[in-house]
Each structure stands twice: as structure tokens, then as C-alpha cells.
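Please build the complex by placing chain B on the supplied structure of chain Z, with the hints as guidance.
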Amino acid sequence: MLDYYVRYNIITVVPLDSSVYLYEKLPSDIKLSSKLITLNYSSKSPFIKTSILSYKKDQHLFIWFTLKQNYSSFLVVPEGFIVYFILSELGDGLYCLSMKDGKKLVVYIKDGILLLEFFLSDISQLKQIEEQYSLKSYKISYEKYLELYNEVWKNIKFLSKLRYFLSVDLSKEKVWNFFDKSLYYPIVFIMFLYIGISSYQAYFMQKEIDALSQTYHKLKEKNSKLKYSIREHNQQVEQLSEFAKKELSYQDPIKILVSLDKVMHKGEDAKIKFLTISPMLMKINIQTKADAIKYFRRLNELKYFKDITIEGTYKHKNGEKIYIYSISLKALD
Amino acid sequence: MNQKKILWLLVLFVILVNYINYFQKDRYKLSQQINLIKNKIEKEKRLNKTDIDISSLNIKKFEYFFDKNKTYSQSMGDMQEMINNAAKGTCKAVYVKWSQIPTSYKWYQHLKFDISLRCKPSEIFHFVNKLKKEKKLILFKDIHIIKAYKKELVNFDAKLVGFKVKNEIK
Chain Z
995 MLDYYVRYNI ITVVPLDSSV YLYEKLPSDI KLSSKLITLN YSSKSPFIKT
1045 SILSYKKDQH LFIWFTLKQN YSSFLVVPEG FIVYFILSEL GDGLYCLSMK
1095 DGKKLVVYIK DGILLLEFFL SDISQLKQIE EQYSLKSYKI SYEKYLELYN
1145 EVWKNIKFLS KLRYFLSVDL SKEKVWNFFD KSLYYPIVFI MFLYIGISSY
1195 QAYFMQKEID ALSQTYHKLK EKNSKLKYSI REHNQQVEQL SEFAKKELSY
1245 QDPIKILVSL DKVMHKGEDA KIKFLTISPM LMKINIQTKA DAIKYFRRLN
1295 ELKYFKDITI EGTYKHKNGE KIYIYSISLK ALD
Chain B
5 MNQKKILWLL VLFVILVNYI NYFQKDRYKL SQQINLIKNK IEKEKRLNKT
55 DIDISSLNIK KFEYFFDKNK TYSQSMGDMQ EMINNAAKGT CKAVYVKWSQ
105 IPTSYKWYQH LKFDISLRCK PSEIFHFVNK LKKEKKLILF KDIHIIKAYK
155 KELVNFDAKL VGFKVKNEIK
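Those protein sequences? They're chains Z and B, same order as listed.
Heads up, the first sequence is in the numbering used here, so the first residue is 995 and it goes up one at a time.
Heads up, the second sequence is in the numbering used here, so the first residue is 5 and it goes up one at a time.
Chain Z with its partners taken away, still in its complex shape:
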């Protein structure tokens, strides 16, 4: 993770041997800008041209003096702070860290405050310090420190604390510099990538459309005769249904005529004197000596008729009666 931050110039870690630590207790919890800190404490720096990296916790101010440099990254973190964070997680105490080159770093943390952080010039100094603070120092090997150092970059609490070391310089030179080093080539690459991918995709999609269209047209041509026949068939069915609805919605008078066989039985002394069948109405005159109700019932049994009424009765000269039936016909569904 750290490699990534460093490679892309997001974080610069100032090495321990390039910085000098100073602890200051402030009179009250006051707000101090980086410019104010520089103004107040640059005189205490061992470097003539100095930069100050600071971290403030309540009334405690931790200052790391470095040689003045123009850092181009967003975050400039002193390694001293990282050491302080790692050791403060372990607890208060006097620590002696072995560095890669054999140097010994003494760190003294009391009540979570970093009071001392410096390299020993002589190992005998450690005894003097232990005696001075009446403490026994914890020795931490370089391998252990390296392990803790790599681990701390995954710690969210630590990463959130790095905001105190944000060095956003929006000067024209720095912005251009950042753009040139970090953004120019990625932007150019993304632009080309976008054009390339979209063109590539569109080309193959168009190719697929062409191939599919060809297949579709072949199938369409193959089915054209069948489709035409189906269309014509549907049209014909529609026409015939329309025709049947218009022309064949009435009872067939011939069928009614045939069915009268069930009304006028053979051997009975009865005659049909008059018959008229129009699409909705039928009139029939029956001459008989029998009762009118007998034929009324028989007519009622036929499925073609809706309502039957006896319109009138008159007497024939031979004495027989003629009954006039008026019948409304059922319409076909």
C-alpha cells in the first residue's frame, strides 16, 4: 500500500535521520496554523533553512524539523510520527529501537505524549536516561520495527491521523507539476482507451447486425410465400365471417317449412291455407275442426320460434275454423 502511495507521489515519508524532534507544551488549547508554528519555532531548529512538520494534540505540540525542501506530494509525514504512533499503541514507556544501520533511536512516551525522540550517539547514554527517568527501556529489533511499520499502513486510525500532515500547495507551479507528473499520461491513455474500446465494440456490433440481417432476410424470403398465404387466409376468414354475420343471421325459411311436418300430422283433417315467412316474422293460417291450442302447442315445440300469438279466428263456409298464427322468429347467433 505504502509503495503505491510513494510511487504516485501521494505520500512522502521524511526519514528519521533527516529530522529532529521537539516537544512543546502549549499554555492553552489554542489554534495554530502551520505558518504561526513556523514563525514561532523555526528559531529552535538546528537547520538554517528549515521546514517544520507538526502534529498537535490538545495542549501538546510535536514538531519535526527538517531541511527545507519542496515536496510535491500531498502528504509529508515524518517517520518520527509513524514511530510515535506505533509505540503509543504498545503503551507508555522508554523504548530503544535498533535501526538498519545499527543506530539506536530512543523514544520516551508518557501519558500518550511523545516527550523524547532522538538517536543515541553512544550506547552509554541509554543508561543515563534510564537512570534519569528511573525506567527500564524496551528494546525493539529492526525486524520487529519493520513488521510494525508495514502493519501500521493498514490501520484506519493511523491513516485518518495523516490528515494533519496534508500539504496542499495550490500554487500554479505545483499544480502544473502534479498534472504533468501524475495526470498527463493517464488522461491521454484513458482518452485513447475510450476511443479504442468504443470503436472496437461498435465495429463488432455492426458486424453482428450485418450477419443477423442477412440471416433474417434469407429466412424472411423463405417464409414470404407462407406468410402471404396466411395473410390472405386470414383476410378470407375475416371476409367470410363478415358475410355470415350479415347474410346468414336469419332462420332458413326452407328449414322452417320442413319442420312444419311436426305440426301438421298425416291423417288429421287440417290444412295450411296460407303461409308467409319473412326474416323475422312468420304468419300461418291453419284450417281445422280441432282446437287452436293443439297447433299452438306443436308450434311452440319448434326451436325456430320465439313468440307465438293467435291473431284471429274465422269460420270457413264449410263450417271449419281458420286460425291465424303470428310467430316471431329467433335470430341466429
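Just so you know, these hints were derived from the structure itself, not from any lab.
Because the structure is a prediction, the values reported are computed rather than measured.
Be aware that a few hints might be false.
Selected chain B positions facing chain Z (Cβ under 8 angstroms, derived; list incomplete) [to be verified]:
#1 V15
#2 L16
#3 L61
#4 I147
All C-beta atoms in this analysis are idealised placements derived from N, C-alpha and C, irrespective of residue type, glycine included.
Frame of chain Z; chain B shown alone:
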């Protein structure tokens, strides 16, 4: 950052904007088009798989209508001939009258006749049966049957309607 780099970036940006505005194809539309054609192909394939006999789709409706290639008068003549033939040997045709105005619908015309026959009641059915054997659709409308003055004969009046497909004469 040198001026050359800015210039290059500017040129590239102009190229990108123009590409997006004028040259870039709408991939969403293309993908929709692909789906549409695929659906169409699927439909055509389904239709292709069905074993529909084209000849079975042809409705022989024209068989029951009078010839579309003849004029109205020619068709009326044919229908009258059918009526006369049916009446021959069964009934006496008192009159056969053409209706004056042919009524026509979208695709067919009415061929209307008013007929008056004199025959025995049973012979009416012989007449009807003979007419039905002609395989043309002829409907009976407004039937009137009155006993004739002479014994055992009836006057049979009816309106007969045939149908002719309305089409151009070849």
C-alpha cells in the same frame, strides 16, 4: 509542464469531443437493434419449423359464389337458368323477375330474384333440392305460400338471393 504537452492534450481533447459527437456509434441503439433482429429471426425460425401446407390455407369460398369473371347481368342469367332448370318438371314458373338495382357490399354483390311458382306442396321441396344441388349459395327470403284456386296446387312466391364476388372482369 511544457507547452507542447498542453497542445497535444488540447488536440486530443478536441478529437475526443468530435469523436463522441459525430463518429461514435450509439452502442445502446446497436444492442437494441441486435435484440430486435434476434427476436425477428426467432419468429421466422418458428414459422419455418411449422409444417403448414400452403394449399390448406386456400379457402374455396368462391365455389359457392357466382363467377367473379362474369358481369352482373351474365351472373343473373346463370342464376335464372338454374332456377328454370330446378323448376323444370316440378313446378310451373309463373314469373321470374330480376330485382332492379343490384345491392353491393365491400367484396360481393347480391343477385336477387322474385319468383312465383305454381305446384303441388311436395314439389316445392323437389324444386329446393334441385336448386341446392347447383353448389351455389342461394338463400330463400320472404316466402309466401297460398293455396291456389285449383285444388291440390299452391302458389309459391319467394325472393331468391345469390351472391357474386365483386372483382374486375378479366
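Results for each hint:
At its closest, the beta carbon of V15 (chain B) sits 11 angstroms from a beta carbon of chain Z; the interface hint therefore is violated under the 8 angstroms criterion. A distance limit of 8 angstroms between C-beta atoms decides the matter here; for L16 (chain B) the minimum to chain Z is near 5 angstroms, and the interface restraint holds. For L61 (chain B), the suggested interface contact is upheld, since its CB lies about 4 angstroms from the closest CB of chain Z, less than 8 angstroms. About 4 angstroms separates the beta-carbon of I147 (chain B) from the nearest beta-carbon of chain Z, less than 8 angstroms, and the hint is met.
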